[in-house]
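Peer 1: Per this note's numbering, residue 1218 is the first one in the sequence shown, and the count goes up by one each step.
Calculated directly from the structure, the hints in this document are not laboratory data.
Among these hints, one or two may not hold up.
Said to hold, decoys possible - Think about it this way: if two alpha-carbon atoms lie no more than 30 Å apart in a straight line, the pair counts; the simulated DSS-like pairs of lysine-lysine are: (1) Lys1409 with Lys1220; (2) Lys1289 with Lys1221; (3) Lys1223 with Lys1281; (4) Lys1409 with Lys1289; (5) Lys1223 with Lys1289; (6) Lys1220 with Lys1289; (7) Lys1409 with Lys1281; (8) Lys1289 with Lys1400; (9) Lys1281 with Lys1221; (10) Lys1281 with Lys1220; (11) Lys1409 with Lys1221; (12) Lys1221 with Lys1400; (13) Lys1223 with Lys1400.
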Amino acid sequence: MTKKAKTIVTIALMLGMSLAALDTTIVGTALPSIVGKLGGIALYSWVFSIYLLTSTTTVPIYGKLADLYGRKPVFLFGSALFLLGSILCGSAQSMGELIIFRAIQGLGAGAVLPIVLTIIGDIFELQERARVQGLFSAVWGLASIVGPAVGGLIVDHFSWRWVFYINVPFGLLSGILLTLSLKETVERKKQKLDYLGTLTLTGSIIALLFALLQGGTNWSWLSVPSISLFTLFLVLIILFLRQESRASEPILPLTLFTNRIIAVSSLGG
């Protein structure tokens, strides 16, 4: 790949990733205005929680799909789903609708970060990757920090709906740039998705996140719902580890964690 093509791909990936990062914080300053228009203050926390749940649980699934079908189509699919969710969020007429559409947005965002890092690993030489990944981490952090300020400006001068609509032009630009500049050859292999591993991992993450998000807020940490969710998490994670140790093509190979660098990074991150 030429240096020019790498630069264009990098810009496209940065745009896509910054939008996903921005959406984790930009909505916060707009929510008082949203609640004032749509009502549903009791569902306030779910606007954040559902986005976190769907974007987190889909990361390993998108990673496996990228191995099977290529990075480019999976990234573009995730970006398209994220933009669809953004348009729907901007047109929501009730808090219930907004939460459902935020779930769709999160499903798309779950493809962005893992595929961005994978594409970086594909197109950059080993000695360049640390610098580029550091740059992307800085962009993610900056986008998350400026989100509340951007959200406040949009609400003050336009409408809360533009907190979501603003994603569309930049997301389309990201998709067009990536489509034109990233050339990818996918070697079709006879592989299959580890469905049982996917279900148990997804279920365990949902149970854990739901327990952490709702515990101490809607119910106490020692209440029946909290204990039940933590128990469900433990059961599902044990089933997941058992499945992955036996699966011929695991969604998350446990042998990865025998690498000291990966193991330490996972514990620290």
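Peer 1: Hint by hint, say whether it matches the structure.
Peer 2: To see whether the hints hold, each was checked on the structure:
no., hint, verdict
1, Lys1409 with Lys1220, "35 Å, violated"
2, Lys1289 with Lys1221, "18 Å, holds"
3, Lys1223 with Lys1281, "24 Å, holds"
4, Lys1409 with Lys1289, "19 Å, holds"
5, Lys1223 with Lys1289, "14 Å, holds"
6, Lys1220 with Lys1289, "19 Å, holds"
7, Lys1409 with Lys1281, "9 Å, holds"
8, Lys1289 with Lys1400, "8 Å, holds"
9, Lys1281 with Lys1221, "29 Å, holds"
10, Lys1281 with Lys1220, "28 Å, holds"
11, Lys1409 with Lys1221, "36 Å, violated"
12, Lys1221 with Lys1400, "13 Å, holds"
13, Lys1223 with Lys1400, "11 Å, holds"
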